[in-house]
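A.B. asks: Each chain is listed here by its residues.
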Amino acid sequence: MKMLINVAENVVADALRGIAAAHPELVVDVEKRLIVRRGAPFEGKVGLVSGGGSGHEPLHGGFVGRGMLDAACPGEVFTSPVPDQMVRAAAAVDSGAGVLFIVKNYTGDVLNFQMAAELAEDEGVQVATVLVNDDVAVIDSTYTAGRRGTGATLFVEKIAGAAAEEGAPLDRVAALARQVNEASRTFGVALSACSTPAKGGPTFDLPEGELELGVGIHGEPGRERRAMMTSGEIADVSVEAVVSDLRPDRPVLVLVNGMGGTPLLELYGFNAEVQRALAERKVAVARTLVGNYVTSLDMAGASVTICQVDEELLRLYDAPVATPGLRWGI
Amino acid sequence: MNATPDSEAPVDAAFVRRWLAAATDAVERDAAHLTELDSPIGDADHGTNMRRGFLAARTAVEQEQPQTPGAVLVLVGRTLISTVGGASGPLYGTLMRRAGKELGEEQAVPADRLRDALRAGVDGVAQLGGAAPGDKTMLDALVPALEALSGALDGGEDLARALAAAAAAAREGAQATTPLRARKGRASYLGERSIGHQDPGATSSALLVAAFADTAREGA
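These protein sequence lines map, in sequence, to chains R and P. Take full-length UniProt numbering: the last position of the first sequence gets the number 330, and nothing is skipped along the way. Take full-length UniProt numbering: the last position of the second sequence gets the number 220, and nothing is skipped along the way.
Just so you know, the hints here were simulated from the structure itself, not pulled from any lab data. Predicted, not measured: the structure shown is a model, and the values here were computed from it. Heads up, some of the hints might be wrong.
[As the list claims (entries may be wrong)] Chain P stretches covered by chain R per the calculated footprint, using a threshold of three residues with CB under 8 Å from any CB of chain R:
| # | segment |
| --- | --- |
| 1 | 29-40 |
| 2 | 87-94 |
| 3 | 110-124 |
| 4 | 137-151 |
[To be verified] Facing chain R, from chain P, some residues (calculated, C-beta under 10 Å):
| # | residue |
| --- | --- |
| 5 | D43 |
| 6 | T48 |
| 7 | P179 |
| 8 | R183 |
| 9 | G185 |
[Said to hold, decoys possible] Far from chain R, some chain P residues (derived; all Cβ distances over 12 Å):
| # | residue |
| --- | --- |
| 10 | D45 |
| 11 | H46 |
| 12 | R52 |
| 13 | E105 |
| 14 | P133 |
| 15 | A176 |
| 16 | E218 |
Even for Gly, the Cβ is constructed at its ideal location relative to N, Cα and C.
My request is simple: use the sequences and hints to build the entire structure.
C.D. replies: Structure, rendered in structure tokens:
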């Protein structure tokens, strides 16, 4: 498969050099694999650090900036970063107010962040960790590594980031992050497999005329394969999955997220069906975000995330943010 | 250097360095196969990550020249944690680091001390990953290998023969993961559909145990 790259080994470094050139407001260390908000650490502010495999852009590096993350640690494609990166990131953003690690629930991310938290605390940094596990497609949590962290990561990073920007202490920022995660559910579908640079082609075989329901964001196949459905049918399945699991009784934030290979035209059409499906289930929508935010390389498909909010969470969601991937209110 | 290995205490720094060379060669040779196994039930990067980690570990050991078997293993473990990423980095890193620490600072140790060290390493993997044999993970190769090694040593076999038995048990253990349903790691999300695929982590574990057997056979 044709890709716009030089050599597969260098895709992450090349992208980091490109991010550095486009965003002077970020400090990018290509060799150490770090993206840090320029000016960090900020006096009295809790530092927010996230990270994960590359291939999900703009997550996480694109969410570094005012009102969101202080640093991001990109790993190799679909491979969690290593502890050295998070330890270095924590040291770079800790003002003395402590650091929050935002970790998607994938075994590799969990283990590497866990090791990093121990090492950073040895160096005198106070670390709290919040695990994002919003993916309802994982039904049998007892016999798996648990629900995966997907679209809700954006809401967690946005709302916790806004609280940290206002000067909330570490335990408050961590509690808000957990509250957002617990109030969020996601369901994703793939219309095609994605292709990793290392493999040079699709990571699994998804025939024409079929779709994969309940996918994560690492190119892994989902739980169930069905004959291709219409946008409206996919919206019904996705919305039913998240609403029946969360049972919201307050308004929700909605993220209709593209996986990377689906045009915005299709995503907006899908959003219309998602809003219809939510209305049919009497779920009130407070805010909607449509776009490619938590991607899976070139995978075609989408995910639907809902997050139940109170006035405080909605206020923090609406607070100003200035990052490469998310920007409003500035 | 130890041109003639001490038959009472055959495991010295040179032994572990030879193992690292054999393991790195094996990982290089089989990287594409490991990645292929990781495609249907993972994310198609296990070979690439292991190759990067072992090449870095070999370089680190060449540069720092650790002088005891324990120090070599600790350095390998630390390097794997810093370079592999994913779940494999912390898990294999912990395996090597724990084993190295268990060996302490002695210049050379007998076979049963290597076994105790590997047991400490495997316990560390089980603890960190929260997995048990049968979950379709590295442990499905490592635990049978440890049992075979232990049984052979208790039965009076020398290190080379005991490690050969361990290598065979690890290979069989890895092959026996094919019909299992994954319960840990990324493959677990496939549920029933993880059945019918050999586990890449168990396969790379079997490679590393086989490299121990090759090292002991060539040194004997």
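A.B. asks: Determine for every hint whether it applies to the structure shown.
C.D. replies: Evaluation of the provided hints:
no. : hint    : in the structure
1   : 29-40   : holds (count 3)
2   : 87-94   : holds (count 5)
3   : 110-124 : violated (count 0)
4   : 137-151 : violated (count 0)
5   : D43     : 5 Å, holds
6   : T48     : 5 Å, holds
7   : P179    : 16 Å, violated
8   : R183    : 5 Å, holds
9   : G185    : 5 Å, holds
10  : D45     : 6 Å, violated
11  : H46     : 10 Å, violated
12  : R52     : 8 Å, violated
13  : E105    : 22 Å, holds
14  : P133    : 15 Å, holds
15  : A176    : 19 Å, holds
16  : E218    : 32 Å, holds
Hints 3, 4, 7, 10, 11 and 12 from the list above are not met by this structure, while the remaining hints are.
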